[in-house]
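Undergrad: This is what each chain is made of:
4 protein chains.
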Amino acid sequence: MTNVAVLGARGRMGKTVCQAVTDADDLQLVAELDAGDEVTRETVAGADAVVDFTVPDATKGNVLAALAAGCHVVVGTTGWTDAGLAEVEAAAGAAGRNVIIAPNFALSSVLAMHFAALAAPYFESAEVIELHHPKKLDAPSGTAAATAKKIAAARAASGSAAMPDATAADPDGTRGGLIDGVRVHALRVSGLTAHEEILLGNPGELLTIRTDSFDRQSFMPGVLLAVRKVGGLPGLTVGLDHVMDLPGR
Amino acid sequence: MTNVAVLGARGRMGKTVCQAVTDADDLQLVAELDAGDEVTRETVAGADAVVDFTVPDATKGNVLAALAAGCHVVVGTTGWTDAGLAEVEAAAGAAGRNVIIAPNFALSSVLAMHFAALAAPYFESAEVIELHHPKKLDAPSGTAAATAKKIAAARAASGSAAMPDATAADPDGTRGGLIDGVRVHALRVSGLTAHEEILLGNPGELLTIRTDSFDRQSFMPGVLLAVRKVGGLPGLTVGLDHVMDLPGR
Amino acid sequence: MTNVAVLGARGRMGKTVCQAVTDADDLQLVAELDAGDEVTRETVAGADAVVDFTVPDATKGNVLAALAAGCHVVVGTTGWTDAGLAEVEAAAGAAGRNVIIAPNFALSSVLAMHFAALAAPYFESAEVIELHHPKKLDAPSGTAAATAKKIAAARAASGSAAMPDATAADPDGTRGGLIDGVRVHALRVSGLTAHEEILLGNPGELLTIRTDSFDRQSFMPGVLLAVRKVGGLPGLTVGLDHVMDLPGR
Amino acid sequence: MTNVAVLGARGRMGKTVCQAVTDADDLQLVAELDAGDEVTRETVAGADAVVDFTVPDATKGNVLAALAAGCHVVVGTTGWTDAGLAEVEAAAGAAGRNVIIAPNFALSSVLAMHFAALAAPYFESAEVIELHHPKKLDAPSGTAAATAKKIAAARAASGSAAMPDATAADPDGTRGGLIDGVRVHALRVSGLTAHEEILLGNPGELLTIRTDSFDRQSFMPGVLLAVRKVGGLPGLTVGLDHVMDLPGR
Chain A
5 MTNVAVLGAR GRMGKTVCQA VTDADDLQLV AELDAGDEVT RETVAGADAV VDFTVPDATK
65 GNVLAALAAG CHVVVGTTGW TDAGLAEVEA AAGAAGRNVI IAPNFALSSV LAMHFAALAA
125 PYFESAEVIE LHHPKKLDAP SGTAAATAKK IAAARAASGS AAMPDATAAD PDGTRGGLID
185 GVRVHALRVS GLTAHEEILL GNPGELLTIR TDSFDRQSFM PGVLLAVRKV GGLPGLTVGL
245 DHVMDLPGR
Chain B
5 MTNVAVLGAR GRMGKTVCQA VTDADDLQLV AELDAGDEVT RETVAGADAV VDFTVPDATK
65 GNVLAALAAG CHVVVGTTGW TDAGLAEVEA AAGAAGRNVI IAPNFALSSV LAMHFAALAA
125 PYFESAEVIE LHHPKKLDAP SGTAAATAKK IAAARAASGS AAMPDATAAD PDGTRGGLID
185 GVRVHALRVS GLTAHEEILL GNPGELLTIR TDSFDRQSFM PGVLLAVRKV GGLPGLTVGL
245 DHVMDLPGR
Chain C
5 MTNVAVLGAR GRMGKTVCQA VTDADDLQLV AELDAGDEVT RETVAGADAV VDFTVPDATK
65 GNVLAALAAG CHVVVGTTGW TDAGLAEVEA AAGAAGRNVI IAPNFALSSV LAMHFAALAA
125 PYFESAEVIE LHHPKKLDAP SGTAAATAKK IAAARAASGS AAMPDATAAD PDGTRGGLID
185 GVRVHALRVS GLTAHEEILL GNPGELLTIR TDSFDRQSFM PGVLLAVRKV GGLPGLTVGL
245 DHVMDLPGR
Chain D
5 MTNVAVLGAR GRMGKTVCQA VTDADDLQLV AELDAGDEVT RETVAGADAV VDFTVPDATK
65 GNVLAALAAG CHVVVGTTGW TDAGLAEVEA AAGAAGRNVI IAPNFALSSV LAMHFAALAA
125 PYFESAEVIE LHHPKKLDAP SGTAAATAKK IAAARAASGS AAMPDATAAD PDGTRGGLID
185 GVRVHALRVS GLTAHEEILL GNPGELLTIR TDSFDRQSFM PGVLLAVRKV GGLPGLTVGL
245 DHVMDLPGR
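Chains as they are written, first to last, in this note's numbering: chain A, 5 to 253; chain B, 5 to 253; chain C, 5 to 253; chain D, 5 to 253.
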């Protein structure tokens, strides 16, 4: 049984994490802290691992305090700088405890990106479609931009030729945006949540990888995986793909 | 048994039409004409219906000649002007024969556009994706543009509110092109032929209509339908949707 | 402004309906009744329309009481017999008030079924896939079975030939179930809610119609449409397709 | 420049291979042999690599003869026994030449199967849909059965719990076939060629991997990859995944 404390426990993600930990047979929720609560050996109440879903301003302080309290830490809060990561890595080493920081805990999304990069060198064409609810403020999504960059890097590393595209006229700008040479298309449609579709094509064949994230629940398998693995991953690990031990090229 | 003559019989579409007529139990191929062949009562060899897949410069002359030869006519050649259509309508009336002109003989495509227009007033959001082979010169496809216009017209007629879209930043132009207020996205991927996907969304629900056209064969059911129906549709009929007797609103 | 009373207001669907009515600019929620509350002119509090999402045992009594109280009625409760429908129709006539009973308020689902029936005569092949969460007890879904039956009826009415299928060996039963001659496939996958995909094919072309229902929210546009239209649809109307005034064949 | 001889050069696959070799800048077609032609050092005309797309009865003899003639060999013919493979492995060792035998040269299909196996341990649910033209005699496809087996093996190796499925009633057999505990669904629809869709689901998220193979052309990138790599893969290699150097777990 692993004891878990949750920071940001009254936020939307934090509440979902508390519930997921409570529902897991091998985990025990021992503390729920939120803004204003100090993170100390006492308040984390014997936690083996602390999960932080707070805010960019607070997260680094939380992680350092949790390490000082003798805990491993799993972080879903974004906004980390290189300097902040280096500080955490040093503190983790000094404390003999481990930290996992991941910008994206959706397993399907992490896998899709990984597979797209593995497959890209074998195909002439690659384009990315991302589809979200219409309340989203920015386009494209960070995930779609990251996917395009991974595809571009994999193609560059394998010496892929430029993608075929005879488009001579596109007066309305329907061909989407170019990110590192990969076309990205963003849709905003009521009813959708967060979805991504990657198309890879050769003459006569197509490979499509699609992910659908329907709600916050979709991040829980990734969070729990990190909680279960953090004790065995020395130092600082950034990115769920490294936690998942996905075979690289 | 309906006797059929094909004009443009040595072109790619013409050859496919000749084969489809030959394969149909209720149709008989009686003449195959191409560039340089005159269209007369003799050369059409007793055809009840003439099918024209030639070139814009030749098609109007062919239709008038075929009417004069006592035939109904089915036309797949594009590039018609309003004046040309009026001339054909008058000639059809005088000859007591019928003409069907259709820019698109793909049943699935015609149905998809029709359904999109019927459904559009019931949804907050609508976007169109078209996907083609990378040798296509223009974007978006004519079909996608026509679909967007039909959706826009149906929404306007029913007094639909503007689609929700909170996008505040899209530096790369990933949100696609706006055609009559409807977002259209064009993909060019090796392996694809001609495909369209229409997404219609409300909070909590999505309706998606997709068509795939894999080869010229996909136009044959529409061509044969027109050949079989042209005798019963007096005067000039423009558009396969009218041949299909699809219920309007 | 239309005044609305909700019966079954503390149930899951009832709560969602109360919220949707409250959120609509042209509707006003005037009464929330649940089990144990009597339905009278006083308790419905001046409602023009009553919405019933209760249980099969209670619904007929509720409808008759609401008609007696001078209200139009919209019913989402299932389990109606022919005798019950006849009794309601007579009572509606006597009261000079109208009733809409619909087994399915998802607009996208009603449209998909309608479109599938319109399109079916034009295609050689048709198959239905339904995809649901793994807690669903029965397979296939009622919607998928109803879709298959509508497709079969439309094919029969138009004299369609049998679908091509050369399958000679299927030892594992992978070809799915036959409902009125139409293959239906049921998937149960974590993460899904309620989805249906209808494939219609000819040589060289495919038409796919897909609906995704992500949550109860998806039924609200259909419920509100019925509330807004019930005053103008004399007597008893069964099925949202008739409320939507979809053009038949 | 690699010299290539093709065996079965007048068959449908053989013709396509000859054309693909001719079109490749770094390959030269030096011999086209078919039934009745002997495979000798003279007839292969200086080929570095021989490609065999013949028939099960002939393929082993062809491979042994090609090895004796000093060539590497790429084989797409199916029907190999364990004894036959052992014999080829020994002959390759003795000749100091290499052999690649692959039952499936579609890159997208090989990648999809590989990715499905990598992803399967991270998801509660997995089901496979395969979609083919209606002239196919058997169901499910060999690829779908192989995919289901790979998913089952990956789940077993990682100690996955049984998939959730509350289905209590399925009178029509719509839940498809069970292959090693994985549900497989087979569709036969006009217009389709060969397609596969793998769904992997967790609460709140879905990962879908789809492949479309539209024609024989889709096998050429895999064949050419094998031709280019066979010189560097000592001995016998079975399966394109090993040629592609996909990272295993």
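To be clear, the hints were calculated from the coordinates, so they are not data collected in a lab.
For glycine and all other residues, C-beta sits at the position ideal for the given N, C-alpha and C.
Hints may be right or wrong, so weigh each one.
Estimated spans, in silico, between C-beta atoms of each pair [said to hold, decoys possible]: (1) C/Ala39 <-> D/Leu182: 38 to 46 Å; (2) A/Ala160 <-> B/Thr47: 54 to 62 Å; (3) B/Pro251 <-> A/Asp61: 41 to 49 Å; (4) B/Asp219 <-> C/Ala172: 44 to 52 Å; (5) D/Asp29 <-> B/Ala94: 53 to 61 Å; (6) D/Asp29 <-> B/Thr82: 32 to 40 Å; (7) C/Pro168 <-> B/Leu89: 37 to 45 Å; (8) C/Asp29 <-> B/Ala170: 19 to 27 Å; (9) B/Asp27 <-> D/Leu182: 36 to 44 Å; (10) C/Ala157 <-> D/Asp184: 48 to 56 Å; (11) A/Lys153 <-> C/Asp38: 48 to 56 Å.
If you want a taste of the chain B side facing chain A, the calculated C-beta under 7 Å gives, among others [said to hold, decoys possible]: (12) Leu68; (13) Thr178; (14) Leu210.
Undergrad: If a hint holds in the structure, say so; if it doesn't, say that too.
TA: Results of checking the hints against the structure:
Against the hinted window of 38 to 46 Å, the Cβ-Cβ separation of C/Ala39 and D/Leu182 comes to about 43 Å, which satisfies the hint. Between A/Ala160 and B/Thr47, the C-beta spacing of about 60 Å keeps the proposed range 54 to 62 Å intact. For B/Pro251 paired with A/Asp61, a C-beta distance near 60 Å fails the hint of 41 to 49 Å. Between B/Asp219 and C/Ala172, the C-beta spacing of about 27 Å breaks the proposed range 44 to 52 Å.
About 58 Å separates the C-beta atoms of D/Asp29 and B/Ala94, a value consistent with the hinted range of 53 to 61 Å. For D/Asp29 and B/Thr82, the hinted distance range of 32 to 40 Å is satisfied, since their beta carbons lie about 38 Å from each other. Distance hint for C/Pro168 and B/Leu89: a CB-CB separation of about 38 Å, consistent with the stated range 37 to 45 Å. In this structure the supplied range 19 to 27 Å holds for C/Asp29 paired with B/Ala170, their Cβ-Cβ distance being about 20 Å.
Take B/Asp27 and D/Leu182: their Cβ atoms lie about 40 Å apart, and the range 36 to 44 Å holds. For C/Ala157 and D/Asp184, the hinted distance range of 48 to 56 Å is not satisfied, since their beta carbons lie about 38 Å from each other. As the Cβ distance of A/Lys153 to C/Asp38 is approximately 54 Å, the hint placing it in 48 to 56 Å holds. For B/Leu68, the interface hint is violated, the least distance from its beta-carbon to any beta-carbon of chain A being 33 Å, above 7 Å.
Here the hint on B/Thr178 is kept, as its CB sits about 4 Å from the closest CB of chain A, short of 7 Å. Hint status for B/Leu210 relative to chain A: holds, with the closest Cβ pair at about 4 Å, below 7 Å.
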